[in-house]
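*Asks:* Sequence:
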Amino acid sequence: MASRKKNYVYEFGHIPGSKFSPYKLLHAEKGVVYFPTKVQIERRFKALNIDPNSAIILYCNSAYECSSVWFALHEIYKNQQVQVYDGSLHQWTEDTKNPMTIKIH
Numbered sequence: 001m002a003s004r005k006k007n008y009v010y011e012f013g014h015i016p017g018s019k020f021s022p023y024k025l026l027h028a029e030k031g032v033v034y035f036p037t038k039v040q041i042e043r044r045f046k047a048l049n050i051d052p053n054s055a056i057i058l059y060c061n062s063a064y065e066c067s068s069v070w071f072a073l074h075e076i077y078k079n080q081q082v083q084v085y086d087g088s089l090h091q092w093t094e095d096t097k098n099p100m101t102i103k104i105h
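The letter at position 96 of the sequence shown is residue 96 when you use this note's numbering, and the numbering goes up by one with no holes.
Be a bit skeptical, because a hint or two may be false.
Ranges between beta-carbon positions, derived for each pair [to be verified]:
| id | residue 1 | residue 2 | range |
| --- | --- | --- | --- |
| 1 | ALA55 | PRO22 | 14 to 22 Å |
| 2 | THR101 | LYS38 | 26 to 34 Å |
| 3 | ASP51 | TYR23 | 13 to 21 Å |
If you are wondering where the hints come from, they were derived from the structure by calculation, not from laboratory data. Glycine residues also receive a C-beta, built at the ideal position from the N, C-alpha and C atoms.
Modelling step: build the complete structure from the supplied sequences, incorporating the hints.
*Replies:* See below:
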């Protein structure tokens, strides 16, 4: 019997309509975590065509990696509309009715 499961995410791709913002955008050196200033956060997100002042729901495979982006946007940038989809793609892909796409906006 075949399984769609690969690691803990059940299907490859992204939630339709989502925008791609790699969490490493905030961590320039591998293994070193530093948080950019408010000005740097704004520049980096605007360069990706993402308004850092808007309501944002962050996700990744398990909500682990996007938590540092939440911290930067919520605590440093002071965007109180930022949320983490706690189940992230692990939960989203468990339900085969939830759409997935490989297209990134």
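*Asks:* Indicate, hint by hint, whether the structure satisfies it.
*Replies:* Cross-check of the supplied hints:
1. Checking the proposed 14 to 22 Å range against ALA55 and PRO22 shows it holds: the Cβ atoms sit about 20 Å from each other.
2. One distance hint, 26 to 34 Å for the beta-carbon pair THR101 and LYS38, holds here, with the actual separation near 32 Å.
3. A beta carbon spacing of about 18 Å between ASP51 and TYR23 agrees with the range 13 to 21 Å that was offered as a hint.
Every hint, counting from the list given before, is met by this structure.
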